[in-house]
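This is what each chain is made of:
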Amino acid sequence: MRCAPPPTRTAADLLSDRATDPATTAEAPTLSEVFVENASDGGPLGFLLAQIDPAGGPVLWISDRVSRHEAGRLCIAGLPRPLEVIAVDVNRPLDVLWAMEQGLGCGVLGAVVGEVWGEAPQLDFTATKRLALRAEAHGVAAWLIRRAAQPNLSAARKRWRVASLAALPDPDDSRAPGAPLWRAELFRSRWGAPGDWVARTTAQGRLHLDHRVEAEAAAPRTGQG
Amino acid sequence: MRHEDKLPVLLQTAQGDRHQTTARPVAPAWRAGTDANRGRRQGRGRAGVAADAVALPAGGLSRDPLARRITALHFPTLAMDRYLRHRDRQGNRVPDDLPLALAVDGPHGPVLHATNRAARLAGMRLGERVVDMRALCPDLQVEFADIAGDRAMLARLMLWCRRWCPWTAPDGDTGLVMDSTGSDHLWGGETAMLRDIEEKFSLMGLSCDLAIAPTHGAAWALSRHGGLREICQGPELAQRMAPLPVAALRLMPDTVLLLHRLGLKTVGDLAAVPRRALARRFARAALPQNPLMRLDQMMGRLAEPVQSPDDPPRFAVQSRLPEPVSDPEPHLPAMARDLCAGLAAEGMGARRVTLHLYRTDGEVAALSVATARASRAADHLLRLFEGRLERLDPGFGFDLIILEASVVERLDMVQTRIDGHVDSETELARLIDRLSARFGADHITRPAPKDSHIPERRERWQSAMAPAAGAPGTSRSPRPLRLLDPPEEIRVLYAVPDGPPVQFTWRRLPHKVTRFAGPERIAPEWWADRPTARLRDYYRIETQHGRRYWLFREGLADDGRGGAPRWFLHGVFA
Chain V
8 MRCAPPPTRT
18 AADLLSDRAT
28 DPATTAEAPT
38 LSEVFVENAS
48 DGGPLGFLLA
58 QIDPAGGPVL
68 WISDRVSRHE
78 AGRLCIAGLP
88 RPLEVIAVDV
98 NRPLDVLWAM
108 EQGLGCGVLG
118 AVVGEVWGEA
128 PQLDFTATKR
138 LALRAEAHGV
148 AAWLIRRAAQ
158 PNLSAARKRW
168 RVASLAALPD
178 PDDSRAPGAP
188 LWRAELFRSR
198 WGAPGDWVAR
208 TTAQGRLHLD
218 HRVEAEAAAP
228 RTGQG
Chain D
20 MRHEDKLPVL
30 LQTAQGDRHQ
40 TTARPVAPAW
50 RAGTDANRGR
60 RQGRGRAGVA
70 ADAVALPAGG
80 LSRDPLARRI
90 TALHFPTLAM
100 DRYLRHRDRQ
110 GNRVPDDLPL
120 ALAVDGPHGP
130 VLHATNRAAR
140 LAGMRLGERV
150 VDMRALCPDL
160 QVEFADIAGD
170 RAMLARLMLW
180 CRRWCPWTAP
190 DGDTGLVMDS
200 TGSDHLWGGE
210 TAMLRDIEEK
220 FSLMGLSCDL
230 AIAPTHGAAW
240 ALSRHGGLRE
250 ICQGPELAQR
260 MAPLPVAALR
270 LMPDTVLLLH
280 RLGLKTVGDL
290 AAVPRRALAR
300 RFARAALPQN
310 PLMRLDQMMG
320 RLAEPVQSPD
330 DPPRFAVQSR
340 LPEPVSDPEP
350 HLPAMARDLC
360 AGLAAEGMGA
370 RRVTLHLYRT
380 DGEVAALSVA
390 TARASRAADH
400 LLRLFEGRLE
410 RLDPGFGFDL
420 IILEASVVER
430 LDMVQTRIDG
440 HVDSETELAR
450 LIDRLSARFG
460 ADHITRPAPK
470 DSHIPERRER
480 WQSAMAPAAG
490 APGTSRSPRP
500 LRLLDPPEEI
510 RVLYAVPDGP
520 PVQFTWRRLP
530 HKVTRFAGPE
540 RIAPEWWADR
550 PTARLRDYYR
560 IETQHGRRYW
570 LFREGLADDG
580 RGGAPRWFLH
590 GVFA
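Which chain is which? The protein sequence lines are V and D, in order.
Heads up: the first sequence begins at 8 in our numbering, then just goes up one per residue.
Heads up: the second sequence begins at 20 in our numbering, then just goes up one per residue.
Calculated directly from the structure, the hints in this document are not laboratory data.
It is possible that part of the hints are untrue.
[Stated by the list, open to error] Chain V regions said to be covered by chain D (calculated; three or more residues, Cβ under 8 Å):
1. 53-64
2. 67-80
3. 83-89
4. 99-106
5. 175-188
[Stated by the list, open to error] Residues of chain V placed beyond 10 Å of chain D at every Cβ, according to the derived structure:
6. Ala-35
7. Ile-93
8. Lys-136
9. Leu-140
10. Ala-155
11. Pro-158
12. Ser-171
13. Thr-209
14. Arg-213
15. His-215
16. Asp-217
[To be verified] Sample of chain D residues facing chain V (criterion: CB under 8 Å; computed from the structure):
17. Leu-450
18. His-462
19. Thr-464
20. Pro-499
21. Val-532
22. Ala-536
23. Glu-539
24. Arg-566
25. Phe-587
26. Gly-590
Only a predicted model underlies this, so the values are computations on that prediction, with no experimental measurement involved.
Cβ coordinates follow ideal geometry from the N, Cα and C atoms, glycine included.
When you get a sec, could you build the whole thing from the sequences and use the hints?
Below, the structure written as structure tokens:
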């Protein structure tokens with residue numbers, strides 16, 4: 008007797024699932040984009056790492072040459088939670104997409120993160136749609152970190168714009184910065200409502216969206232810094 | 020490389036029309052080698068014909084015990100030759116007049132293991148302590164010897180020596196032995212063969228002493244204690260051996276010392292002692308301490324066949340095409356299946372697969388892919404060649420394709436899961452293989468922690484093909500999420516020279532420091548750094564935009580190691 012392996016889910020299956028059960032699909036791993044307002048800002052990275060569960064498996068971290076040069080390399084000692092990282096150093100944005108697609112086909116990975124610098128013409132609607140469908144079919148979360156880029160047309164299910172805010176005060180040292188705070192703006196979302204939040208990590212290292220930022224209330228807060 | 024150079028290696032190959040015949044059994048035809056059944060008796064080792072002669076009943080055929088011809092090779096300066104060759108290849112040649120020695124650990128500190136010519140002329144002796152020899156020759160340069168590497172090289176040389184005769188074996192740490200009976204005429208006689216061997220080794224930069232004698236013991240003695248390329252025939256054996264010192268008998272040093280004290284200085288002296296007296300004195304001694312047995316081995320009264328290890332298995336599939344093709348891709352799936360079937364039959368998996376493509380005009384192109392774990396999955400190995408075949412220049416077409424598993428490892432059968440999925444480690448290893456095949460193995464990396472306080476030395480990124488290193492130790496003080504490599508210099512305004520920064524300019528933009536933590540002082544590592552290296556005072560700061568950075572000041576204002584301290588931005592916090 009032979010047992011056939013369960014077939015990989017096609018795009019049509021996924022769409023029908025989503026139509027019947029919207030609550031679970033909102034939580035399912037998919038493609039998200041994080042736009043970094045200032046290229047040297049580390050806040051978006053912390054925001055992203057807070058959403059990757061280390062128990063899910065190793066993380067494939069792909070970065071192109073300009074990103075590595077401008078924003079530096081990942082430092083394992085600084086990760087909020089211990090994470091197994093496999094770094095892929097490539098030259099061009101096209102190679103980032105190819106490596107991401109290969110990684111998304113491997114179901115044992117916890118997440119696939121790609122860093123792309125600038126406006127890459129290859130990163131169009133078709134390419135992002137491929138990544139999104141592949142991520143959903145294999146259940147691997149895909150993250151695109153975009154620096155120095157405009158949010159053009161894209162099939163990413165969630166699109167964030169993240170910047171650092173002044174940190175919470177350190178309880179032990181009044182002159183030192185404490186736990187980080189970020190301003191996270193979800194400006195496009197496939198399943199949920201967009202919004203603008205102040206985000207921080209919980210004691211366990213998970214992401215916590217603290218409270219909404221109103222458009223007029225946000226301005227003095229960032230200015231005050 | 021031309022066809023003619025490569026082809027003799029593959030003695031038995033697949034049929035030329037194998038892709039036209041469909042149902043061909045997977046017979047040993049995939050296997051290149053002289054003996055298709057050799058795999059069956061793998062591990063037993065190959066004893067020369069002499070071993071069979073020993074096994075014959077005593078009353079059977081009478082054979083001349085001195086009929087064999089044994090060649091002994093001795094590399095007196097193998098370790099040093101190999102080190103000099105290594106330095107030469109690195110473009111860092113050792114000058115001839117520099118006394119250089121290789122050392123190994125002894126009971127009372129390092130002792131000399133090998134010396135070069137300049138060191139020998141300066142009076143350096145092997146086995147002496149390095150500190151004593153330094154006193155004699157203060158400019159002696161000492162490096163540590165690589166004993167395991169030397170042994171591995173000798174094992175490779177042993178296989179390479181099978182070009183002269185099929186039975187070769189290692190003989191101690193600096194020697195090889197070959198049973199060259201009946202193969203010397205292929206090289207134009209024994210004298211010509213010895214000259215050829217010596218010439219080939221000197222082209223490799225290895226000095227070599229050689230001798231041919233009817234027994235292993237005699238050849239060993241003549242290569243170490245005899246003349247240049249000496250050849251000894253059976254009838255004159257006893258006469259030639261008599262003047263050699265007893266050390267030529269392959270005895271332990273204490274036994275040699277004992278024989279010297281007994282007044283037995285040469286082999287002739289020992290042979291003149293009545294046999295019964297020697298037998299009584301050394302009845303219980305093991306072979307390396309037993310002069311009588313060693314003497315019998317030398318004179319051929321005790322058989323000592325050359326125990327030649329097996330050739331390592333070679334896995335290669337060859338396809339000879341009737342017409343030249345410009346795209347070899349359609350032929351590869353069938354070849355990969357054959358190769359994997361051959362690997363599976365031997366319980367092996369490939370770590371590196373090489374594809375050799377022979378062009379009609381004689382040029383050879385080679386493509387090589389590596390795997391992180393041993394594998395014999397044909398479709399996986401084929402996928403690694405994807406996208407690389409297009410870059411080959413076919414010229415007028417390829418007419419011969421060889422797919423070879425050039426590095427193999429033991430790979431046992433594993434139980435697959437009932438739902439048909441491969442296990443997670445294999446799946447991850449295959450992903451790493453595919454990425455490495457496209458971007459190069461150096462670009463797929465895993466962190467390998469090191470014991471160091473300097474942040475950039477703490478994490479080295481090593482190729483993911485290597486086994487994963489241990490988990491990094493957690494740092495007590497906060498570390499940034501990203502490190503700039505190298506740190507970028509910034510211009511800083513500060514209130515006091517040794518205090519925290521107030522404002523800094525980085526990438527032409529001014530940043531005002533609103534909050535800071537630190538300093539955290541990291542001293543240079545005196546055992547690894549130059550003496551002028553300066554300490555670092557790290558500050559974790561927050562700017563008026565809410566971004567958090569890691570800055571350091573290199574040195575102090577008056578530490579006497581350079582001018583005013585410089586400031587750098589080294590990392591970015593979340």
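Going down the list of hints, with the structure as the test:
no.	hint	verdict
1	53-64	holds (count 4)
2	67-80	holds (count 4)
3	83-89	holds (count 6)
4	99-106	holds (count 3)
5	175-188	holds (count 7)
6	Ala-35	holds (20 Å)
7	Ile-93	violated (6 Å)
8	Lys-136	holds (22 Å)
9	Leu-140	holds (19 Å)
10	Ala-155	holds (13 Å)
11	Pro-158	holds (21 Å)
12	Ser-171	violated (4 Å)
13	Thr-209	holds (14 Å)
14	Arg-213	holds (14 Å)
15	His-215	holds (14 Å)
16	Asp-217	holds (15 Å)
17	Leu-450	holds (4 Å)
18	His-462	holds (5 Å)
19	Thr-464	holds (5 Å)
20	Pro-499	holds (5 Å)
21	Val-532	violated (10 Å)
22	Ala-536	holds (3 Å)
23	Glu-539	violated (12 Å)
24	Arg-566	holds (5 Å)
25	Phe-587	violated (13 Å)
26	Gly-590	holds (6 Å)
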